[in-house]
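Engineer: Protein chains in written order, with this note's numbering: chain A, 1 to 312; chain B, 1001 to 1266.
Since the hints were derived computationally from the structure, they do not count as laboratory data. On a predicted model such as this, the values are computed, not experimentally measured, just so you know. One should not assume that every hint holds.
[Unchecked claim] Listed next, the in silico DSSO-like pairs over lysine-lysine satisfying Cα-Cα at most 27 Å (straight line):
#	chain 1	residue 1	chain 2	residue 2
1	A	LYS146	B	LYS1173
2	A	LYS146	B	LYS1098
3	A	LYS146	A	LYS187
4	B	LYS1177	B	LYS1098
5	B	LYS1173	B	LYS1098
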Amino acid sequence: MPDDPSNPLIRARGLTKRFGEFTAVDSIDFDVAVGESFGFLGPNGAGKTSTMRMIGCTSPITGGTLEVMGMNPAVHGPQIRARLGVVPQQDTLDSELTVRENLAIYGRYFGLSRAEVGRRADELLEFAQLTERANDQVEPLSGGMKRRLTIARSLINEPTLLLLDEPTTGLDPQARHLLWDRLYRLKQRGVTLVLTTHYMDEAEQLCDRLVVMDKAKIVAEGSPRELIERYSTREVTELRFAPGIVETLDGRLDGIAQRVEHLPDRILLYADDGEAAAVAVNQRGLKPETVLVRRSSLEDVFLRLTGRSLIE
Amino acid sequence: MTALARPSSTVGRVFEHRWVQYRRTFRSTIFTSFLSPVLFLTAMGLGLGSYVSDSAIDSLGGVSYLVFLAPGLLAANAMQTASFEATYPIMGGLVWNKIFHAMYATPISPRDIALGNLAWIAARLTLISAVFTVVIVLFGAAESPLVVLAIPAAALTGMAFAAPIAAFSATQKTPNKFAAIFRFGITPLFLFSGTFFPLSSLPEVLHPLAWVTPLYHGAELTRGLSLGTIADDPLVAIVHVVVLLAFTVVGSLITIRTIERRLVRG
Chain A
1 MPDDPSNPLI RARGLTKRFG EFTAVDSIDF DVAVGESFGF LGPNGAGKTS TMRMIGCTSP
61 ITGGTLEVMG MNPAVHGPQI RARLGVVPQQ DTLDSELTVR ENLAIYGRYF GLSRAEVGRR
121 ADELLEFAQL TERANDQVEP LSGGMKRRLT IARSLINEPT LLLLDEPTTG LDPQARHLLW
181 DRLYRLKQRG VTLVLTTHYM DEAEQLCDRL VVMDKAKIVA EGSPRELIER YSTREVTELR
241 FAPGIVETLD GRLDGIAQRV EHLPDRILLY ADDGEAAAVA VNQRGLKPET VLVRRSSLED
301 VFLRLTGRSL IE
Chain B
1001 MTALARPSST VGRVFEHRWV QYRRTFRSTI FTSFLSPVLF LTAMGLGLGS YVSDSAIDSL
1061 GGVSYLVFLA PGLLAANAMQ TASFEATYPI MGGLVWNKIF HAMYATPISP RDIALGNLAW
1121 IAARLTLISA VFTVVIVLFG AAESPLVVLA IPAAALTGMA FAAPIAAFSA TQKTPNKFAA
1181 IFRFGITPLF LFSGTFFPLS SLPEVLHPLA WVTPLYHGAE LTRGLSLGTI ADDPLVAIVH
1241 VVVLLAFTVV GSLITIRTIE RRLVRG
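For reference, chain B alone in the conformation it holds in the complex (with noise of 0.2 Å):
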């Protein structure tokens, strides 16, 4: 069949779908992405930050409360858009309006589905952390050019949450428990994985939860790169990558299994 020029990936054509579907309301989105990182760092990082004495500027790595902030709400933007990605965009491809369903109906694998969907939401990421960085820079928060690479980080960091989500919303045929992990693990995980102050202000027997979810690593990962002390302990940043890069692989290979069992199912 003539028609049949050069056959791109199959996941590749998943992604192109996300994209047509996200065309539509790239620009207002792109302004939202730009907007929110200047409010947040603005009220928190110069309003807060300003009552941050000088005492305390010690355990935050002798740097200004702005400076320490910064990445880490870079990590934690990106935890928030993935849980959003991974939640009603799966569940509804799948209940919704089905299209899910229809791709299947064609030469498209769940698989293909599955990391199409992923690949989209890592493209989303990686996109929305370059914007939230380029705004770091011009507040003057980063001290080093290292900081481009937070905003991979900040993807994985991202990715750490879509993928193990994405494999629990293809299991749900409602989205009635999407708020509970919003309200019992995404907003905890925001305020407590050492985003706002570093973990060392919590009681000690805490810490052993902060360091198996996956904001911890990504806040440590994303700040060690914009201060540019990410040199200083090579090994602690080799762990805080493979603990990201775990989370993403096994909850991709998961998200495969539950949107293959829900699509044969039917």
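Next up, chain A with everything else stripped away, as it sits in the complex (with noise of 0.2 Å):
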């Protein structure tokens, strides 16, 4: 059974993960199928991480079942592991080796040979652009360096699936992409991801098919272009009013959009054509500060399906 191509790698039914009375993963059901880019989407808190370690067998399931390669967590979790790559939401590099020695020790947790694990070791370093850091120690790196090296390590024993966790928070713009262009060669090598992010860019670059969270349960699930046309319109157009103007709306915009959201700052407005609502705001006499039109996003699909943003 492990290794048919037709059975999905992941295959979660009522998963259950409790920590004393809190609920941290309510008995969500999912499959992640062998090549896919997968994504947990969903604000802190709302179970993506419990549900990775479930997955990464480090953490035990308390309800539903959970099968990862064909196999129980519960009863292969080190064969299971033996062919997994996960990179941690936290760095967990070993701060008194080099870059290349982090890579080599931890190889050899997979029991490769040190011949084995120096020529992986050097084929990851370059894929992580490290070649020149190699045999500096790994305190003085960047955060993106850090991040590039934690993935470098997490593929040492080749795995079939890579679980990432919060790949790229906490890094600049520059190194998320630096980052994202990595875990896309990946994916084209036929390395199945599974993902956890909070932001919707990211989700949108790299997951081929995700699940909304909150609060523990899934909310929805579709590839990211499904979610939007199901749950939000084509274009979104977004007006900031002056301090004050808001409350003197009174339903001034009723019927411009199909949906209407008011968030703290600004107003959204759900409409097929966004520049057609935006001229229809004009015409009825309302001056925003600034207008807006944009294609809806996923984060759009979570303020609908939630009532709130994504990052808070």
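The two chains are supplied separately, each in an independent frame; assemble them into the complex guided by the hints.
Structural biologist: Here it is in structure tokens:
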């Protein structure tokens, strides 16, 4: 049964994680297919990391069933972990070792020979663009470099499945784009990626399919495009009014858009033709300080599903 | 998978990690572990020992103070190194750089992490005890060739501390309580467990207190081997070994439990 390509790589049914009275993951169902890039999108505390740790076989499930590569984590934890690559939310590098030593010693944990580990370490240093820093200590590296080293380390065993928990949180935009590029290459090589993120742009860039999590549950599932089509309009018109004006609008925006969302700092008009909505606002004599027409994003999907923003 | 050439033991891989960390400072620590007994034996054994009157020699077992002191210091030195190795590096692996979490994401189990680290501490203790014993022999402070066996005896003494302390360290989130271990545990034991003077010099009521601490048994054992008096009372020697083994084994089992609980909780 394991490795049959028609079987999902991960299959969860009613998957639940409780810590005492607190339910971190509340009976979720999902499948991840071989070669797929699958994402868990949701705010902090939604249960993403707990789900990842159960898949990573380092946290036992409290309810439901979970199969990873056709095996049961409770029975075959070490066998499953042998074929996983794990990028944890916080870097867990050994600051006493050099960049290259970090890779090599990690390979040894998978039972690889010293010669094999050395060969792979050099390749991965190249992949992570860290060859010049190979013999440097880890500590002075930038956040982006440490993250790339952590990803390189997770690939030392040539994993079937790569788990990335918030891979780019805390990085500057340039470092994030470099990381996305590396992850995209892995995806093209056929590595199955499972990642968590609270950045909608990251989910849109990397995920073939994703689930939106909120308060320990899955609230929607689909490709980024499908989710946007299902839960939002094609375009969004964002209006910002001068302070005090919003309270006086009193229904004057009604009928312009399919849906109107009031946020603390702006008003969102959901319409398939955002430009037309902007014109209509103008025709009604309203004078917003700024008007921005943009395409709908996963942020809008999340807002629609939960009534809250992703990043609070 | 061809790359999985002869799977070495999973405990061994954790041990290897500690070795890779250590080899960077290997030379300097060897020098320190040589220098420390030289200084101690010179100051305490030769210097202070010259003031120990001949009348006191009887209660030392009829040997010079240097000969009496040296094996006690050997055991105490193992205890001190063991306590350090079982506190900061264990908590650090779980809390600071979290490398134990990184290991647990691979086929390595919490048990491997616990035993690999304890095995590493045992190796370190054997090494420093061997260096210490060489110094004892160079000072002419060993009376019997059995002093060679004082090396594993001292390492075992250290492990009787390292294992229970590691079990405790794995439950800690900060190093705040470690200072208390040293101040209220290790230092008093160092002073009052038969290292510097025989237990018989202390009030009788305190003797049972010494009997339940590993250092007393360790110091007696290393001294019996260094003086060659161990065979006089083999049953007592066996009791010493059993007590030290009991601390080591029970401590190791609890360490496996506490490290596992910590890693699974995340």
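Engineer: Among all the numbered hints in the text so far, which are the ones the structure does not match?
Structural biologist: none
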